[in-house]
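Peer 1: Here is how the chains run, residue by residue.
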Amino acid sequence: MDRSIKASRIQVAYHTDGEPLKALKETSFTLREGRSLGVVGESGSGKTSLALALMGLVNRPHQTAGELMLFGKSYLNLREVEKKTYRRSTMAMMFQNATEVLNPVMVIGSQLTERLIEKRLTSSRLAREEAERLLRLVGLEGWETDAYPHQLSGGMQQRVLLAMAIACNPRFLILDEPTSSLDGIARQEMIQIIKSLQKKLGFAMLVISHDLKLVGELTQEIMVMYGGRIVEKGLTDAVFEKPMHPYTCGFMNASVEMAPHKDLWGIPGEYKSEDTTAGCIFRDRCTQSLDCCQSETPALKGVSIEREVACHQDGLVSILKAESVSKEYQIGSRKISALNTVYMNLRHGETLALIGPSGSGKSTFAKIVAGFLMPDAGEIFYRGTPLTDNRFACREGGIQLVLQDPFSALSHRLTVEEAVGEPLRINNIASEEEIVSRIKETLKSLQLYSCDAFLQRYTSCLSGGQRQRVALARALVMRPKVLIADEITSMLDVSTQANVLRLLKQLQNNLGFALLLITHDLNLARKVSDQLIVMEDGKILEEGNATRILQNADQSRSAELLKAGLVDG
Amino acid sequence: MNPIFTKLKHFWLERTLPGKVALLVLLLLMCMAVFAPLLTTMPHHRSSGPALEPPGWPHIMGTDQLGIDLWAMMVHGARVSLAVGIGTALLAGFGGGLLGMVAGWKGGRIDGFIQRLIDVMLALPDLPSMIIIAAFFGSSLRNIIIVLALFSWSRPARILRAGTLSLKEQPYIKMAAYFGAGTGYILKKHLIPELFPLLIISMIRLASMAIVTEASLAFLGLGDPASRSWGLIIHHAVNFQGIYLTPFWKWWLMFPWLFITLLVTALALLGRDLEGMADPRIRQ
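Keeping their order, the protein sequence lines are chains A and B.
If you use our numbering, the first sequence corresponds to residues 77 to 645, in order.
If you use our numbering, the second sequence corresponds to residues 1042 to 1325, in order.
Not one of these hints is a red herring.
The calculated lysine to aspartate or glutamate pairs, modelled on EDC-like cross-linking and capped at a C-alpha distance of 16 Å, are:
1. B:1230 with A:494
2. B:1215 with A:465
3. B:1230 with A:493
4. B:1229 with A:494
5. B:1215 with A:481
Ranges between beta-carbon positions, derived for each pair:
6. B:1082 with A:509: 54 to 62 Å
7. B:1316 with A:508: 31 to 39 Å
8. A:461 with B:1178: 53 to 61 Å
9. B:1178 with A:411: 49 to 57 Å
10. B:1166 with A:509: 55 to 63 Å
11. B:1203 with A:462: 30 to 38 Å
12. B:1313 with A:461: 53 to 61 Å
13. B:1316 with A:575: 38 to 46 Å
14. A:615 with B:1166: 58 to 66 Å
Hint data in this document are derived by calculation from the structure and do not stem from the laboratory.
Computed from a predicted model, the values in this text were never measured in an experiment.
All C-beta atoms in this analysis are idealised placements derived from N, C-alpha and C, irrespective of residue type, glycine included.
With the sequences and hints as input, model every part of the structure.
Peer 2: Here it is in structure tokens:
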């Protein structure tokens, strides 16, 4: 017997006055009994349409297409009557809005057992007991059978809805925002109840929500939807650890539940729902879109184990990659290993924080991946091209490095204008007027003066913080795709630090440049970074999602370091 | 206010008293050389009065054995001494300095080659070699400058190579190289401005060395016989039989000696004073 649910190419088009609106475009998935699948996405991404289409509740004039194989039986092509019977015995849906679903003039008990009696699953005599049993299953006490919906709290109503959904003992349960109107405690209880019910009853579950944390707790697999399409599909933990589609990444950054300590950043641009032309649906908001993204729709394809991404470039492009990099320093007759087979993968638009105690090889590693220093062994790739020299630092849109000490990084004999314009002038990048206007623009964006008097000031007359920003301006004036910043905030006061980092994040959000942030400030790393590498003695101690590592500092291999560095560690 | 004027004012105010005196003396000597024809009415290469006349009017410093006015010879001789000093300093200073900077910056084989060359130059006994070369190529003023420069570039080269080596590790220079700057750019924009004070000081030392050496060569009779340098005057005076038995040395030998000493001392004092420029820590 087939124990799986297979949805293939489900489509939904809503016919209103004008053009038909395609809310859901060719969505397929497979779900086994007893497992759960999460569907996340922003509002209007087609989540609820998918649920309605699966239930067969999309009525004319709206259209659905595709096929749903429900435990071996084709469901969507059944006649309406058969569909209804089959649906009642196998699947159920918990709707998101309790007040709309519950009948205000009927007591809870009768609402719960109404369908059971209709299907002759229980007699009117036993109905009350059955209703009480159901209510107890969802964590209520049972007396609620006699209550009217308005006499119950929101949380209780939501539980009643859950009880209704499981009343017919479904094998496939669809939950649409099961905890949307609940407070924290009720929400946690609800999650526990759903989990234990699933264990007890063994149904397959489709959880629709924009609450990533809820989906993370309830499901093993996840689908990320955008504009009626699945853009990423994979194991929930893996997707949370390292989202691959640019949209997923942006969505995670915009979710407060995912990274409570991080800054919130929405995805720039607006979702165009009426877009029906060919091409990637996310292209206008994507910072790495290519020409082909305009004309061809990317198909969902496997990019690694259990991971599918709908992107022409297989998700976020790896911009700077280091493989087993080693470096030794010869001091006298002693060889000191500064780096020992260190690796890194910095992706488009990502912030990677490199943390570790001083002397752990962070700065050496930064210099090596910037092409400033050559490794003894190992390879660096910039967009797939091996990096063997400083070639990419000499062009616009390449790699730029900001050194740790702003006092020695700028010549005290140069004026601000000469210092910032140096890379442009060395490489003959722009005309003289353009260079000056670019310098001014960059200085202004870093909250420095852009007046001529400041431009003509010698760098030796600047304060440490100003020097640091001038050094940063020298890197940003080249409009890099990768910025490697070594302790750039060490000299800045808190307000300037906040502004500089917000500026960098802003640029990152809009232009999609990747940032490798070397710091010993863990709180800062927690605030801004997506991925994290912890180094010690030239080796990588831990690597992965910054939020995961820093939130579970206790279990980390570098627990001591992390707990000492975090404010609330 | 004019920025150049302001800078000059700062430069003057930063000097110590000996430095200020040295600057004034140098300025005076230079004016002497530049305005030589205006400072004397007497010709400097032919007789204009009785021989061996003591200082008086119209020969304020007296005359030599041929009756040539000494003051006229002194002011015109200043041109030779200063030309030799400045010419040698510029040639050896810039040439040697550049070689040293390139050696320090490039390192490797170029550095090795230049270093060996410096070693050879340092090992060669310079005065004897110069005497031979001057005798061999003939003793025109130009040849003397070239020979002097050839034998003195190694010192600035060594100093600037060392300076470059320490600067090379400076992050801002490394950053410039990281941005793709070539040797030319780094030299022009960073190394030369940074090392210029060092270069100037070693050039001043070179100048005083060159002036003394030229005088020595002239004294030995190897100078340019057509150019009446201060050394040549001494040479003629010393070669005058029995000069110490007469009072002639009091003016004939004294005045050229006085001017050479003044010039060299002024250069030495200025050089010492300018050392502060090379090391900002002294400046503060």
